[in-house]
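Residues per chain, in single letters:
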Amino acid sequence: MVYITSWDEFVDRSVQLFRADPDSSRYVMKYRHSDGKLVLKVTDNKECLKFKTDQAQDAKKMEKLNNIFFALMARGPDADLSEVTGKEQMEAQPAKKGRGRKQ
Amino acid sequence: MVNLQPDPFLNELTGMFERTTETGSVWVTLKRSSLKSKVQRNKMTTAGEPIEYRCLIRATDGKKKISTSVGAKDHQRFQASYATILKAHMTALKKRERKDKKKAAEGLKKVGGENKKPKRV
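Chains as they are written, first to last, in full-length UniProt numbering: chain D, 1 to 103; chain P, 1 to 121.
Be careful, since some hints might not be right.
To be verified - A few chain P positions that, by computed beta-carbon distances, are all more than 10 Å from chain D: (1) M1; (2) D7; (3) P8; (4) L10; (5) N11; (6) T14; (7) G15; (8) S37; (9) V39; (10) Q40; (11) T45; (12) A47; (13) G48; (14) E49; (15) K64; (16) S67.
What the hints assert, rightly or not - Here are some, though not all, of the chain D residues that point toward chain P, as calculated from beta-carbon distances under 8 Å: (17) R26; (18) Y27; (19) V28; (20) M29; (21) K30; (22) R32; (23) L38; (24) Q55; (25) A59; (26) E63; (27) N66; (28) N67; (29) F69; (30) A74; (31) R75; (32) G76.
By construction, these hints were calculated from the structure, which means they are not laboratory data.
Heads up, the beta-carbon is just placed ideally off N, CA and C, and yes, glycines get one too.
Okay, chain D solo, but in the shape it has when bound (with noise of 0.2 Å):
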């Protein structure tokens, strides 16, 4: 499987498959301390869409999509996640801010 590597696009396309069949999809992080990497890979056993990176700015948009699953798996594949995407858009932009000041 090729890896997809725009970020969005893994997140939209990976919230669609596991809606599209929430009792067979799974959600993998792989981190390899010694090579620096992390891949994730979000599949239904038909499609998987992998996403690999080395980057420790990816690793927080990790946090984002795990909290999304956490939340689809764990209320149910149709949960609101305006409340987790909205919460952390609350976050980011703070972050930012602080970010810019410093520079």
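With the hints as your guide, set chain P onto chain D.
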């Protein structure tokens, strides 16, 4: 496969991250599951009972397997602790390449500027 409560699971997961710093990988899988067999699920469906789903979390370092599950009520606390552990252990990833690129670009500009100046003089 050892099924643990969320907190012992997080402790074990921390141990896995610590043991794999030199060599090896850690895998963490999230899956929606009812934690019941298909037969049980079918029985419940025919009986008209609602099936409760939970988020099953499995982790392995290739040697040991551990698992836990969180429900709709307790997943937020778990995901916060999980995020903290990830943040604390994913330290081998490259930080802020953008800044380096900017620095590199600035460096090139400076070099370019210095080259230009002598030419002008």
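Comparing the hints with the structure gives:
Residue placement check: M1 of chain P keeps its beta carbon more than 10 Å from all beta carbons of chain D (closest about 15 Å). At the 10 Å boundary, the C-beta of D7 of chain P stays outside the reach of chain D, the nearest C-beta of that chain being 16 Å off. Here P8 of chain P stays apart from chain D, with its beta-carbon at least about 19 Å from theirs, past the 10 Å limit. Every beta carbon of chain D lies more than 10 Å from that of L10 of chain P, the smallest distance being close to 14 Å; the non-interface claim holds.
Listed as outside the interface, N11 of chain P is consistent with that label: its C-beta sits roughly 17 Å from the nearest C-beta of chain D, beyond the 10 Å cut-off. The non-interface label for T14 of chain P is consistent with chain D: the shortest C-beta to C-beta separation is roughly 13 Å, beyond 10 Å. The Cβ of G15 of chain P sits about 13 Å from the closest Cβ of chain D, beyond the 10 Å cut-off, so the non-interface label holds. The beta carbon of S37 of chain P is kept farther than 10 Å from every beta carbon of chain D, the shortest such distance being approximately 13 Å.
Against chain D, the non-interface label of V39 of chain P holds: every CB pair exceeds 10 Å, the least being about 15 Å. Distance to chain D confirms Q40 of chain P as a non-interface residue, since its nearest Cβ pair spans about 14 Å, more than 10 Å. The beta carbon of T45 of chain P sits about 13 Å from the closest Cβ of chain D, which is more than 10 Å, so the claim that it is off the interface holds. Separation of A47 of chain P from chain D is adequate, the least Cβ-Cβ distance of about 19 Å exceeding the 10 Å criterion.
No Cβ of chain D approaches the Cβ of G48 of chain P within 10 Å, the least distance being about 18 Å, so the stated non-interface status holds. The beta carbon of E49 of chain P sits about 16 Å from the closest Cβ of chain D, which is more than 10 Å, so the claim that it is off the interface holds. For K64 of chain P, the condition that its CB be more than 10 Å from all CB atoms of chain D holds, with the nearest at approximately 16 Å. The Cβ of S67 of chain P lies farther than 10 Å from every Cβ of chain D, with a closest approach of about 13 Å, so its non-interface assignment holds.
Look at R26 of chain D: its Cβ gets to within about 4 Å of chain P, closer than 8 Å, so that hint holds up. Proximity of Y27 of chain D to chain P holds as hinted, the smallest CB-CB distance being about 4 Å (cut-off 8 Å). The closest approach between the C-beta of V28 of chain D and any C-beta of chain P is roughly 5 Å, which is under the 8 Å cut-off, so the hint is satisfied. Checking M29 of chain D against chain P by beta carbon gives a least distance of about 5 Å; that is within 8 Å, so the hint holds.
Among the interface hints, the one on K30 of chain D holds; its C-beta lies about 5 Å from the nearest C-beta in chain P, closer than the 8 Å criterion. Interface hint at R32 of chain D: satisfied, since its Cβ lies 4 Å from the closest Cβ of chain P, which is below the 8 Å cut-off. With 8 Å as the threshold, the beta carbon of L38 of chain D comes within range of chain P, its nearest partner Cβ sitting at about 6 Å, so the hint holds. With 8 Å as the threshold, the beta carbon of Q55 of chain D comes within range of chain P, its nearest partner Cβ sitting at about 5 Å, so the hint holds.
A distance limit of 8 Å between C-beta atoms decides the matter here; for A59 of chain D the minimum to chain P is near 5 Å, and the interface restraint holds. Below 8 Å, beta-carbon pairs count as interface contacts, and E63 of chain D has one with chain P at about 5 Å; its hint therefore holds. For N66 of chain D, the interface hint holds, the least distance from its beta-carbon to any beta-carbon of chain P being 6 Å, beneath 8 Å. Of the supplied interface hints, the one on N67 of chain D holds, with its beta-carbon coming within about 6 Å of a beta-carbon of chain P, less than 8 Å.
Using the Cβ-Cβ criterion of 8 Å, the hint placing F69 of chain D at the interface with chain P is satisfied: the shortest such distance is roughly 5 Å. Restraint check, A74 of chain D versus chain P: the minimum CB separation of about 4 Å is within 8 Å; hint holds. With a cut of 8 Å, the hint placing R75 of chain D at the interface with chain P holds, because the nearest CB-to-CB distance is about 5 Å. The closest approach between the C-beta of G76 of chain D and any C-beta of chain P is roughly 7 Å, which is under the 8 Å cut-off, so the hint is satisfied.
In this structure, every one of the numbered hints holds.
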